[in-house]
Every structure is written in C-alpha cells, then in structure tokens.
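Chains as they are written, first to last, in the numbering used here: chain L, 1 to 462; chain B, 463 to 709.
If you are wondering where the hints come from, they were derived from the structure by calculation, not from laboratory data.
A quick note: this is a predicted structure, and the numbers were derived from the prediction, not measured.
Think of the CB as a built atom: it goes at the ideal place given N, C-alpha and C, for glycine as much as any other residue.
Check before you lean on any hint, since a few could be wrong.
Said to hold, decoys possible - No farther apart than 27 Å at their CA atoms in a straight line, the calculated lysine-lysine pairs in the DSSO-like style are these:
1) L:K77 to L:K96
2) L:K298 to B:K565
3) L:K38 to B:K637
4) L:K368 to B:K546
5) L:K14 to L:K160
6) L:K35 to L:K158
7) L:K199 to L:K14
8) L:K368 to B:K604
9) B:K590 to B:K546
10) B:K529 to L:K454
To be verified - Simulated restraints on C-beta separations:
11) L:E130 to B:V612: 45 to 53 Å
12) B:E627 to L:A394: 46 to 54 Å
13) L:E45 to B:D547: 24 to 32 Å
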Amino acid sequence: MPKTIAEHPALADKFNQDEERVNWHDQTLWWVRAKRDKAAHTLPEWEELRNLASQIKHNVLANLSEYLIQFEENALKNGIQVHWAADAQEHNAIVKSILQKQGVSQLVKSKSMLTEECHLNEYLQQEGIEVIDTDLGERIVQLAEEPPSHIVLPCIHKKKEEIGELFHLHLGTPAGNADPDFLTAAARLHLREKFLTRKIAITGVNFAIAETGEFVVCTNEGNADMGAHLAEVHIACMGIEKLIPLRRHLGVFLRLLTRSATGQPITTYSSHFKKPRPGQEMHIVLVDNGRSRQLGRKDFRNSLKCIRCGACMNTCPVYRRSGGHSYHNAIAGPIGSILAPNLNMKDYADLPFASTLCGSCTNVCPVKIDIHDQLYKWRQVLVQEGYAPAAKKAAMQGMAFTFSHPAFYRMAGKTGKWFMKTTPFVINNNLNPWFKQRDMPEPPKESFHDWYKKNRQQNGHA
Amino acid sequence: MTIGLFIPCYVDQFYPKAAIATLELLEKQGLQVVYPFNQTCCGQPMANSGFAHLTQGCNNLFMQNFKDVDYIVSPSGSCVLHIKDHLHAENAADEPVAHHIRKRIYELTEFLTDILKIENLKARFPYKVGMHQSCHGQRGLKISQMSELVAEPFSKPEKLLRMVEDLELIELSRKDECCGFGGTFCVTEEAISAKMGKDRVKDHLEHGAEFITGADMSCLMHLEGILRRQKSKVQVKHIAEILNSYA
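Use the sequences and the hints to build the structure in full.
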C-alpha cells in the first residue's frame with residue numbers, strides 16, 4: 001500500500017465517523033491495558049524492574065558503538081554473516097542481494113517492525129519477490145493490503161467478520177464463517193504450506209546480546225521458529241538499538257516485555273538464535289536508519305530504549321480512539337509520534353500534537369521513556385523549524401500579546417469576546433471546532449477580577 | 463504567611479464562582495490571601511502548542527505578580543504544573559525569583575492537604591459526586607496515585623471530598639482516563655477530544671453521578687460543554703465550590 005501522508009486530525013476524524021467502531025476499538029485495547037495492569041500488579045518489584053531495564057538501556061545507548069562491535073565480533077565467531085545498513089534503502093538492498101545470490105523469489109517473514117519501517121514488503125514486491133507474512137495478524141493485514149495498525153496487535157482494528165470475508169476471498173473459506181478457531185485453523189494450513197516450500201525466512205529481532213553474539217526472537221505463534229528452522233537461509237533484521245550487553249540482562253526484559261504488551265507472564269516462544277545449523281546460512285542486518293541521529297538528539301535519545309511492547313498505544317486514550325492508521329507511520333501511537341519526526345520532520349510534524357500530554361504512556365513504559373515530555377519537546381522543535389500552520393502561528397502571537405498586557409486582556413474579556421480575541425483560530429472557522437459537539441461556556445455577568453474589585457479591594461495589590 | 467491567589471485566565475473570565483470559592487476556602491483557614499490584579503495566563507496554551515518561545519511575557523508578568531508571596535495557590539492543577547515545570551526568568555539575575563515561584567506554587571487540594579494538613583472541613587453536599595482526576599494534577603503534580611504504577615493508592619482531592627458531610631463519592635470504571643480537553647488539542651483534534659469527553663461523561667453518568675467535580679476547571683469546562691449539548695441535568699462544580707459549600 002502506498003504511503004499516504006495525511007494529517008492525524010483528518011484521519012482521526014474519518015475513523016470517528018463510525019462511533020460504534022471507535023467504542024469497540026477503545027474497549028478492546030482497554031481490555032489489553034487492564035490485563036497489563038493485572039500482570040504488573042502481581043509483581044511487587046515491578047517499578048524496580050522498570051528502573052533496572054531503563055538503566056541497562058541507558059548503558060547500551062551510552063556505549064552503543066562498543067556493544068555493536070562486540071556483538072559483531074561474537075556473531076561472526078558464531079558463523080553468522082553480519083551486514084550493516086545505514087538506512088532503509090541499504091537494508092532492503094542487502095536483503096535483495098542475499099535473495100538474488102540464492103536465486104530465490106519467494107520467502108516467509110515473521111513479525112518485524114523494522115522491515116515495516118523500511119517498507120521491505122513493497123520494495124521486494126516491486127522487485128518481483130513474493131513475501132508471505134507468517135504472523136497471523138500480519139498475514140491478515142497483508143491480505144487486506146493494509147499496513148499494521150499496532151506493533152503487537154497488527155490487525156486489532158479488524159473485526160472477525162471482516163477477517164472471515166478476507167479469508168473467504170483469499171483462502172477459500174466458506175462465506176460468512178467468522179469463527180476465530182475455524183479461521184485460525186485455515187490460516188495454519190495455508191501458512192504450513194508456505195513454511196514447507198520457502199527456502200528463505202526473515203525474522204525480526206527482539207534482543208541481541210553483545211556478550212554472546214546471539215539474538216532472541218519472541219513470538220506467541222511460533223511462526224518465527226517454523227520459518228527459521230525450515231529455511232536454508234535465515235535473515236534476521238534488527239535496529240541497532242536492540243542490543244543488550246549481557247545474557248543475564250535478558251530476564252529483566254523478558255519479564256517486562258509481554259506483561260507490558262499483552263499481560264502474559266512471558267511470550268510463548270522466546271527463541272535464541274546463536275549459530276546457523278549445519279548447512280544453513282544465517283545473516284543479520286544491523287540497521288541505523290536515523291537511530292544514530294536520534295541518539296545525538298539529547299532530548300530524544302531515550303526513545304531508543306523502546307522494546308516495542310506497545311503498552312503506550314494500549315493505554316493512550318488518543319490512540320484508542322483514532323486507530324493506528326491515523327498515525328500514518330509504521331510505529332503508531334505515542335512512541336511512534338516521537339520516533340517519526342526524527343525520520344522526517346515535515347511528513348510527521350502533526351504526530352507530536354496528537355496527544356493530550358496526559359502522561360499515561362510514560363507511566364506504563366517498561367523502560368521508563370519520558371514519552372509525553374518528549375512529545376512536548378518535539379512540539380517546540382517542530383515550531384522552531386517552521387512546521388507550524390500559519391493560522392496557528394498568528395493565533396499564538398495574538399494570545400502571547402494579550403496575555404502579556406493585563407489591561408488589554410481585561411478589556412478583551414469585558415467586551416465578552418475574550419475567547420474570540422485571544423484564540424481567534426477557534427472561532428475564525430466555518431465550523432467552530434469547539435462548538436461542533438460541545439456547548440460554549442456561558443459567560444458570567446462579571447469576571448472574578450471585577451467581583452474582587454467590588455468585594456475585596458481592600459486586600460488586593462491594586 | 464501571605465498566600466497569592468492565582469486565578470487562571472479562563473477561570474477569571476468564565477468560572478468566577480470557582481475562584482470565589484477558592485478564595486473563601488483559603489480565608490476560612492485564617493490565611494492572608496492577596497490577589498495580584500495584573501495576572502492573566504500562565505502561558506501554557508502557547509507552550510503546549512509548541513510556542514514556548516512566546517511565553518516570556520507571561521513569565522515576566524507572573525514573576526512580577528507573585529514575587530513577594532510565601533505561597534501561590536490556584537484552582538487549576540494544569541496551570542500550576544506549567545508554572546512548576548516551565549516558568550523561567552529572562553535574565554539569570556531574576557532566576558532566584560522564578561525558582562522561588564516554581565517551588566512555592568500549589569494546586570488548591572495539595573495545598574490544603576500537604577501544607578495546611580487540614581483534617582476536617584465544615585462542608586455539606588448531599589449529592590452523588592464523580593471525581594474527574596485531571597491528568598496534569600494526577601500524573602504531573604502527583605496529587606493522586608496513578609493506576610499504571612504499582613504503588614499504594616492515595617488521592618488528595620478524594621481525601622478532602624470525604625470530609626464533606628453527606629457527599630457520596632461514586633466509583634468509575636476508568637478512574638484516571640483523560641477527558642480529552644488537552645488545551646488547544648480540544649480544537650486541533652476536535653473529533654478525538656469530543657469523543658474522549660463523551661466517554662468520560664458516560665462513565666460518570668453510568669455510575670449515577672449528579673455532579674462531576676475535579677481540581678482542574680479546564681477539564682470540567684470541556685465536560686460541561688458535552689453535558690450541556692446532551693441536555694443533561696448533571697452539573698460540573700469545581701472541587702473548591704463543593705469544599706466551600708454547606709447545602
């Protein structure tokens with residue numbers, strides 16, 4: 001699907017036209033958030049774990065180049081072929097070159113948000129290479145020709161009836177059958193055939209361990225293992241921030257990851273890949289794609305601690321009511337909104353504003369990324385870089401003037417048109433957005449200032 | 463001890479009753495309360511919209527108004543948080559004043575519980591009340607525990623409401639979900655803001671609220687707009703009005 005750049009408010013408005021669907025989406029994700037709470041509250045040491053994870057990641061980011069070199073050395077010793085990609089294009093080209101060497105034009109791929117970020121599927125498709133996503137949710141959105149709307153629950157925006165319809169069209173299941181067990185069984189049969197016939201498997205990487213040169217892939221469906229174990233060539237793609245220093249650190253992250261993501265104590269499969277089995281080729285592609293630039297932005301470097309659990313999305317009241325696609329970026333939600341402007345400020349200037357700064361994202365983040373503070377900081381950067389709409393800029397200048405001049409402020413208030421004068425962008429619009437679904441506050445007969453003057457002036461600093 | 467009363471712009475213009483209740487409540491505690499006349503806005507609408515660089519005028523004015531008081535108290539958690547986090551002086555020489563203000567500014571309910579440590583109130587409000595925990599007060603100023611964190615629950619505003627005779631505090635399904643006001647968010651992201659507000663109102667209505675209260679008038683203004691559009695009889699009242707009432 002071609003990347004569409006539309007502003008978050010417009011896309012969210014569209015999503016909100018079907019209120020029943022918004023309610024369903026909101027409740028489904030809230031249910032996941034509630035499961036997360038339950039799982040977190042079973043561990044009295046939860047907040048300590050978050051601290052520890054955050055500190056380990058801090059160490060990784062502070063010494064990233066050394067850990068990367070250590071990881072490469074150990075991976076090479078293990079017989080893994082290591083590739084470095086500066087950006088998405090290089091990543092895609094490296095994958096293609098491995099495929100070409102093998103003379104293969106079909107492959108299976110388990111879940112990898114990095115490949116989504118790099119738009120690998122579209123790229124390979126254009127090169128005439130067929131990619132089958134093997135994560136069930138990913139396969140569903142792939143059949144629907146849509147990007148995932150959530151990093152952990154890629155088709156959370158789809159109802160089972162819609163999935164039944166898709167499977168009917170693409171996999172030949174009976175029309176009208178939306179039974180989840182039946183559909184899952186159908187998908188399993190369909191995917192099994194792909195696993196058995198594809199020679200190359202791509203997986204993502206959840207954690208890469210510098211100490212050992214191994215990597216860990218977490219799935220609930222075992223699809224990464226099916227792909228990687230059956231394939232002659234295993235290509236693992238990872239962002240350079242996925243590193244952790246020591247194997248013993250892994251327990252900290254595995255305990256946090258799935259509790260935060262889905263409320264499970266641990267993923268069903270946490271598979272370690274250390275070396276290719278005899279006769280197999282194993283590749284790892286280490287991708288920067290803007291990460292070192294983000295590392296250099298002091299205010300935003302913490303965003304690289306992200307372990308992609310999706311908890312910030314599930315808890316985000318805005319995400320729950322706008323849907324993942326409204327973020328028009330591979331990573332949606334609060335974390336996506338601080339990662340995306342690093343990739344392209346112009347295209348993603350709307351995202352840091354798609355938040356009420358309620359701070360719930362920061363509280364659920366298992367690695368304690370100061371997400372809502374970074375959203376605030378991005379707003380300042382984006383405005384300074386000139387990405388604010390002209391009308392908003394004018395309105396803000398008007399407000400700043402009014403609020404800096406008390407007499408003017410009071411006069412504006414007294415005329416009863418305070419709202420219009422100080423925030424003209426609210427009113428100067430055919431459809432006053434405040435009034436569309438809400439009544440305006442009723443102006444009282446006098447301001448507090450005037451009341452005070454009448455009643456308490458003797459105490460005031462007149 | 464002199465208390466400087468900070469009444470944010472929209473409270474001054476639209477909700478003088480909340481401001482009067484705040485003043486009277488503080489005076490009832492035997493405090494000397496002054497209201498500097500030249501106050502306007504804390505600057506948050508600009509800062510949260512990415513225009514923090516336009517807030518120096520507000521900062522200067524705020525410092526001028528409140529430099530001489532011992533504490534600053536305000537019926538708006540959100541504005542208090544903005545001052546606490548972002549007020550700064552134009553010149554290094556004035557920074558101690560900014561520092562003093564940042565340290566000495568309190569949201570009303572936290573001032574009553576943490577500084578005055580009040581244990582009882584002469585107030586009566588015989589209604590079912592829903593308490594909307596505003597995000598900036600809750601997660602920013604930490605006036606109540608947050609459902610995401612693994613820690614003991616507490617709530618400063620609820621502690622005060624429990625001192626009010628005959629007031630029945632209702633439970634909510636989502637006790638600390640954002641109402642969607644969000645400052646300029648309420649107009650720039652109108653669809654989501656309104657939907658969040660509707661959902662927040664629904665939670666209160668489903669649990670039988672007759673009044674919705676909170677420590678932040680801005681969230682209440684948003685919820686009030688939705689209630690009125692729905693022709694609901696349920697009213698919003700700032701927590702100061704309830705703590706100051708004897709019905």
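Agreement of L:K35 and L:K158 with the hint, judged by alpha carbon distance not exceeding 27 Å: holds (20 Å)
27 Å Cα cutoff - pair L:K77, L:K96: Judged against 27 Å, a Cα distance of about 24 Å means the pair holds.
Holds or violated: B:K529 to L:K454, with C-alpha atoms at most 27 Å apart: holds (25 Å)
Distance restraint hint 24 to 32 Å, applied to the beta-carbon atoms of L:E45 and B:D547: holds (30 Å)
Restraint check for B:K590 with B:K546, where alpha carbons must lie at most 27 Å apart: Roughly 33 Å between the alpha carbons, so the hint for B:K590 and B:K546 is violated.
Pairwise hint evaluation, B:K637 against L:K38, where the allowed Cα distance is 27 Å at most: At roughly 15 Å apart (the allowed maximum being 27 Å), B:K637 and L:K38 satisfy the hint.
Hint check for B:V612 and L:E130 - Cβ pair distance inside 45 to 53 Å: Since the Cβ atoms of L:E130 and B:V612 sit about 46 Å apart, the hinted range of 45 to 53 Å holds.
Distance restraint between L:K368 and B:K604, which requires alpha-carbon spacing of 27 Å or less: holds (17 Å)
Given hint L:K160 paired with L:K14 - CA-CA distance at most 27 Å: holds (21 Å)
Assessment of proposed distance window 46 to 54 Å (beta carbons of B:E627, L:A394): holds (51 Å)
27 Å Cα cutoff - pair L:K368, B:K546: holds (22 Å)
Satisfaction of hint between B:K565 and L:K298, Cα-Cα up to 27 Å: holds (26 Å)
The structure does not agree with the numbered hints 7, 9 stated previously, though it agrees with the rest.
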